[in-house]
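Work the whole structure out from these sequences, hints included.
Numbering (this note's numbering), first residue to last: 36 to 128.
Hints are computed from structural coordinates only; laboratory data are not their basis. All residues carry an ideal CB built from backbone N, CA and C; glycine is no exception. A portion of the hints provided could be inaccurate.
The following label-pair restraints were derived from C-beta to C-beta distances [said to hold, decoys possible]:
1. I126 <-> D73: 30 to 40 Å
2. K75 <-> L112: 17 to 27 Å
3. K61 <-> A104: 30 to 40 Å
Straight-line Cα separation of at most 20 Å, SDA-like style, residue types lysine to any residue; simulated pairs [said to hold, decoys possible]:
4. K45 <-> K120
5. K81 <-> S41
6. K81 <-> N102
7. K81 <-> E51
8. K108 <-> G67
9. K61 <-> S110
10. K40 <-> D94
11. K74 <-> N102
12. K75 <-> E54
13. K74 <-> F64
14. K45 <-> I126
15. K45 <-> I99
16. K120 <-> T98
17. K75 <-> T98
18. K74 <-> E86
19. K75 <-> T39
20. K74 <-> E51
21. K40 <-> N102
22. K108 <-> V91
23. K61 <-> F83
24. K74 <-> E47
25. K45 <-> V91
26. K75 <-> L43
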Amino acid sequence: MKFTKSTLDKIERIFEEQEYVVRYEKGNFNSGYCLVEDKKIAVINKFFDVEARINVLLDILSTIQINEALMTKESALTFRQILKKIQTESIEE
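Next up, the structure:
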């Protein structure tokens, strides 16, 4: 997976379709992001570059429940590619 602005946009679209709000703000985040309890809001360090933002969003995707029925075909395809990437990396470790 390439770490481009286009990839970031696709991942952000997956979050939107899951009814999450992704916000980029200042803050002291130990892991680079914060999930607001009981609300679908992900706050990410606004000083991260594109690659770091993608990695943080991928971390979050692996921890939240995803409803593929809410996704467009394009987003579902992107999501499956992300799952393959995550599974491949976990096998290599």
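Between the alpha carbons of K74 and E47, is the straight-line distance 20 Å or under? holds, 17 Å
For a C-alpha distance cap of 20 Å, please report whether K108 and G67 respect it. violated, 30 Å
D73 and I126 - C-beta distance against the hinted 30 to 40 Å: holds, 34 Å
Holds or violated: are the alpha carbons of K45 and I126 at most 20 Å from each other? violated, 25 Å
Hinted pair K40 and D94, Cα distance within 20 Å: Between K40 and D94 the Cα gap is close to 17 Å, so the pair holds against 20 Å.
Does the beta carbon distance between K61 and A104 stay inside 30 to 40 Å, or does it fall outside? The hinted range 30 to 40 Å holds for K61 and A104, with Cβ atoms some 35 Å apart.
Could you grab the alpha-carbon distance between K45 and I99 and see if it respects the 20 Å cut-off? holds, 17 Å
Within a Cα-Cα threshold of 20 Å, do K74 and F64 meet the stated pairing? holds, 18 Å
Take a quick look at whether K75 and E54 sit within 20 Å of each other, Cα to Cα. This hinted pair holds, its Cα atoms lying about 7 Å apart.
Mind checking the alpha carbons of K120 and T98 for me, to see if they're no more than 20 Å apart? Since the Cα atoms of K120 and T98 sit roughly 15 Å apart, the hinted pair holds (cutoff 20 Å).
Could you grab the alpha-carbon distance between K45 and K120 and see if it respects the 20 Å cut-off? Roughly 15 Å separates the two Cα atoms, so the pair holds.
Decide if the proposed pair is consistent with the structure: K81 and N102, CA atoms, cutoff 20 Å inclusive. Given that 20 Å is the threshold and the Cα spacing comes to 27 Å, the pair is violated.
The structure is inconsistent with the numbered hints 6, 8, 9, 14, 18, 19, 21, 22, although it conforms to all the rest.
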